[in-house]
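**Student:** Protein chains in written order, with full-length UniProt numbering: chain E, 1 to 182; chain P, 1 to 194.
Just so you know, the hints here were simulated from the structure itself, not pulled from any lab data. Since we're looking at a predicted model, the values are computed, not measured. Just so you know, not all the hints are guaranteed correct.
Claimed, not checked - Quick list of the computed label-pair ranges, beta carbon to beta carbon:
1) E/P124 with P/G20: 34 to 44 Å
2) P/S159 with E/M40: 40 to 50 Å
3) P/S139 with E/R165: 24 to 34 Å
4) E/A125 with P/D53: 51 to 61 Å
5) E/E150 with P/T26: 25 to 35 Å
6) E/Q181 with P/N147: 39 to 49 Å
7) E/G79 with P/P146: 22 to 32 Å
Even for Gly, the Cβ is constructed at its ideal location relative to N, Cα and C.
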Amino acid sequence: MGKLLHAILVGLVGAAIVHIVVLLLVPQFSERDAWSNLAMKADFYTMTRLDAQPGSPTPIKSIDPSFYAAACRFDLADGMVQVTAPGPVPFWSVSVYDRNGHNIYSFNDRSATKGQMDAVVLTPAQMIEVRKALPDGFEGSIFVEAPIDEGIVVLRAFVPDESWRPTVAKFLDQSSCELQQF
Amino acid sequence: MLKNALLTLLSLAIAIGLGGGSVWYTLDAQSGAGAIRIGPWTAFPDIGTLDADPYSQARVARQGALTLGRAEGLSFIAETDSRGEDLLRECSYTIEGGFPTARFWTLYVADQALDPIASGRPHRAVLHSHEILRQPDNSSVITVAPNAAPGNWLPISGSGPLRFVMNFYDTPIAASTGLSDVKLPTIVRTGCNG
Chain E
1 MGKLLHAILV GLVGAAIVHI VVLLLVPQFS ERDAWSNLAM KADFYTMTRL DAQPGSPTPI
61 KSIDPSFYAA ACRFDLADGM VQVTAPGPVP FWSVSVYDRN GHNIYSFNDR SATKGQMDAV
121 VLTPAQMIEV RKALPDGFEG SIFVEAPIDE GIVVLRAFVP DESWRPTVAK FLDQSSCELQ
181 QF
Chain P
1 MLKNALLTLL SLAIAIGLGG GSVWYTLDAQ SGAGAIRIGP WTAFPDIGTL DADPYSQARV
61 ARQGALTLGR AEGLSFIAET DSRGEDLLRE CSYTIEGGFP TARFWTLYVA DQALDPIASG
121 RPHRAVLHSH EILRQPDNSS VITVAPNAAP GNWLPISGSG PLRFVMNFYD TPIAASTGLS
181 DVKLPTIVRT GCNG
């Protein structure tokens with residue numbers, strides 16, 4: 001009887017250890033995370049639509065059904081990445097995520113010059129280089145310093161009703177995600 | 001000898017079964033560390049950030065979610081009504097009250113996995129603050145029901161568990177201060193089919 005109790009007690013302590021280990025390993029070993037899902041859909045520096053297209057399931061969770069969204073993967077080790085999208089839409093917002101899907105930085109259209117979507121994601125070291133002499137084409141950009149290499153940038157745009165669908169779809173389809181050498 | 005082997009096996013079974021099962025359970029529950037509860041609504045302001053606790057981090061990785069950033073908005077989820085009873089798709093609800101400050105908000109119905117439920121009709125199962133009808137005191141009454149209702153109507157259909165997801169965009173409540181003063185609408189069950 002004492003041995004059985006002992007075995008159950010050891011089991012419970014083991015359960016606590018397993019709980020902690022599994023919890024900490026889930027992010028490392030998840031094959032369903034946002035990065036893996038995006039990697040299956042598109043290559044680096046390609047804007048991909050995240051909202052559910054007819055006939056295919058939503059690739060990324062937690063996208064509001066009244067929003068359209070697009071994302072691209074980048075690697076700052078290659079250079080800076082500039083994300084732009086033309087034209088006015090009722091609301092847009094941008095988030096920069098690291099490789100594991102952690103939100104590093106976010107902003108919305110109120111932060112941008114004249115509401116134009118134009119952002120540059122770069123490392124602090126690249127920022128120092130840019131500060132020395134601002135290259136052409138970066139005058140109106142929002143600079144996002146991110147101490148990461150690989151990451152994801154997501155652009156979301158609000159679709160208030162049916163009549164806005166073509167405009168918002170065009171906004172995202174014409175968005176670009178370009179590697180900028182310096 | 002055999003007894004010892006069996007006891008070891010029991011210990012291992014308890015450790016792996018209970019340890020793994022408890023992680024799986026806590027990751028599916030809409031509560032736990034980092035949650036802020038306002039009435040029936042739950043939000044995870046830190047989810048998806050580097051400050052998040054290990055549970056929130058595991059939840060994000062497992063769902064493959066890209067959560068809203070602080071400057072984008074804050075998401076609230078309800079899985080019970082204001083009396084604490086589970087939300088069901090075969091029931092009708094009234095969502096009533098004022099909404100906190102935000103540039104706009106959206107409200108939609110979702111299933112247990114938080115995937116939006118399609119209404120199956122031309123009227124989408126989504127409402128947002130730009131299209132909503134308001135009371136003289138600026139509050140709103142939203143009817144969630146399978147059949148069309150006057151005023152603000154959010155269609156639902158089918159049966160099974162139901163979640164309400166309310167997203168506030170460009171809102172000061174996403175900053176961690178002041179979340180305790182936020183008032184969210186109540187959810188009242190008005191009737192059920194069958």
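**Student:** Determine which of the earlier numbered hints do not hold for this structure and return their numbers in increasing order.
**Tutor:** 2, 4, 6, 7
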